[in-house]
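In order, the protein sequences belong to chains C and F. Our numbering applies: residue 1 is where the first sequence begins, and numbers increase by one. Our numbering applies: residue 1 is where the second sequence begins, and numbers increase by one.
Since the hints were made in silico from the structure, they are not lab data. Hints may be right or wrong, so weigh each one.
[Said to hold, decoys possible] Here are the in silico distance ranges between beta carbons for each label pair:
#  : chain 1 : residue 1 : chain 2 : residue 2 : range
1  : F       : VAL20     : C       : PRO93     : 40 to 48 angstroms
2  : C       : LYS194    : F       : ILE62     : 29 to 37 angstroms
3  : F       : ARG59     : C       : ARG186    : 31 to 39 angstroms
4  : C       : PHE68     : F       : ILE62     : 55 to 63 angstroms
5  : C       : PRO93     : F       : GLU139    : 30 to 38 angstroms
6  : C       : ARG191    : F       : ALA157    : 46 to 54 angstroms
7  : C       : ILE126    : F       : SER90     : 50 to 58 angstroms
8  : F       : ALA21     : C       : LEU120    : 51 to 59 angstroms
9  : C       : LEU89     : F       : PRO29     : 35 to 43 angstroms
10 : F       : PRO13     : C       : ALA119    : 49 to 57 angstroms
Just so we're clear, the structure is a prediction, and the values are computed from it rather than from any experiment. Backbone N, C-alpha and C define an ideal beta-carbon position, used for all residues, glycine too.
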Amino acid sequence: MNFWRSTIGKKTVMAVTGLLMLLFLIVHMLGNLKIFFGRTDFDHYAHWLRTIGNPVLHESWYLWIQRFVLVVAVVLHAVSAYQLSRRDLKARPTKYSHHQRAKAGYATHIMRYGGITLALFIVYHILDFTTLTLNRHGVDGAAYDNVVSSFSVWWVTAIYIAAMICLGLHIQHGFWSAAQTLGYNRPSRDRAFKGVATGLAVLLTVGFLIVPVSVLAGLVD
Amino acid sequence: MKLTLRIWRQAGPAEPGRMVAYEVPDANPDMSFLELLDVLNERLTLEGEDPVTFDHDCREGICGSCGVVINGQAHGPRALTTTCQLHVRSFSDGDVIDIEPWRSVAFGVLKDLMVDRSGLDRIIQAGGYISAPTGSAPEAHSTPVPKPIADTAFDNATCIGCGACVAACPNGSAMLFTSAKVAHLNSLPQGAPERASRVLNLVEAMDAEGFGGCTNTGECTNACPKGIPMDSIATLNREYLRASLGRK
Chain C
1 MNFWRSTIGK KTVMAVTGLL MLLFLIVHML GNLKIFFGRT DFDHYAHWLR
51 TIGNPVLHES WYLWIQRFVL VVAVVLHAVS AYQLSRRDLK ARPTKYSHHQ
101 RAKAGYATHI MRYGGITLAL FIVYHILDFT TLTLNRHGVD GAAYDNVVSS
151 FSVWWVTAIY IAAMICLGLH IQHGFWSAAQ TLGYNRPSRD RAFKGVATGL
201 AVLLTVGFLI VPVSVLAGLV D
Chain F
1 MKLTLRIWRQ AGPAEPGRMV AYEVPDANPD MSFLELLDVL NERLTLEGED
51 PVTFDHDCRE GICGSCGVVI NGQAHGPRAL TTTCQLHVRS FSDGDVIDIE
101 PWRSVAFGVL KDLMVDRSGL DRIIQAGGYI SAPTGSAPEA HSTPVPKPIA
151 DTAFDNATCI GCGACVAACP NGSAMLFTSA KVAHLNSLPQ GAPERASRVL
201 NLVEAMDAEG FGGCTNTGEC TNACPKGIPM DSIATLNREY LRASLGRK
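Sequences are here, hints too, so could you generate the full structure?
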């Protein structure tokens, strides 16, 4: 409990849960790209996701286990961020009257707002493609048509573009920051960690956006 | 040189403060920044006004007493330079210079530019030491220290505890200060017996003072007059995890 109460303990929780979510996002992004192999392939892939672990696990059990782990990760990440942010804001109540020239880049500056934006986006995204509540097509099992129907609307794609840019910025600072928090960073590794962070940020942003942009451009229909 | 200094004036810890502008028409480019304040204070004293209170001691950049935020930057515009080692020639004739105290909830303003930094002392007391037998100094060669480790320890030992890292941090965090103690003492064999308890006690004391957490913005290392690197914070995190996970 001392560990959780300390600022470094909460940062560690953020780093570990962040890396877990990052791992999920890489797999998620790669899976999305299957849409370019056509409706049959993509729907088959979507169905297969529900059968992972069969016959040991019942249908969709693996998916529910994964959802549970991810929800726990998101909640721990958000609670730590909230508690740390409150503490941080309280620690510097008075601003300097002369504006500070920031050394940190935009990605670092935008972490908190980006994180809140991503949390809201996740809710929207689940209502769009998991519960299908907001999906225009909204047929369970017709993953391909559901995707196409959402991204054919320009403002839906616009929301995804904005969210994925937030995601990229969040990962660019977050991945390096996790290496720092977990103590893996060294002067000799610093450039490599920053490089990998930027690489992952670009890869995920581009990899996720290529689907909605292709749909909107009529390349996938 | 003619300079306009806008200085934070605050009569006491509980008093309200405000920025007050003072003209210094006869600033010499070769003056140190503290001498500039001395010149202003002499005039204020002669005019019967309350002189500007600021901390200072050695004026050689090694004691850590001085330190004000100049134009939004802790210790002013020059890298690796304390306020006392900053010279008026770093500014231009006619400049308006904003001078403010360190800002952090853990550093209360005592008067004008002087803040209470005893929180840093309490962190040191919690673990910034080694246990050594008193009496005659031990033979240095009996405890060999590899050169790179000795260098790391020494680089971190150059921390003067001025508090610029806290002042520059958007979270008012004392991580760089605390990390310098850990990177200094935990890397040496002399510090090994208290390796785990030191880092746990230091972090507990740091958090108890109300300092914020680290968000890896790097403002601290940018402001540090001794160039304590971000790597020290990674070391502190590593040592804290190691100690928390119970590896002795």
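Contradicted hints - numbers only: 1, 5, 6, 8, 10
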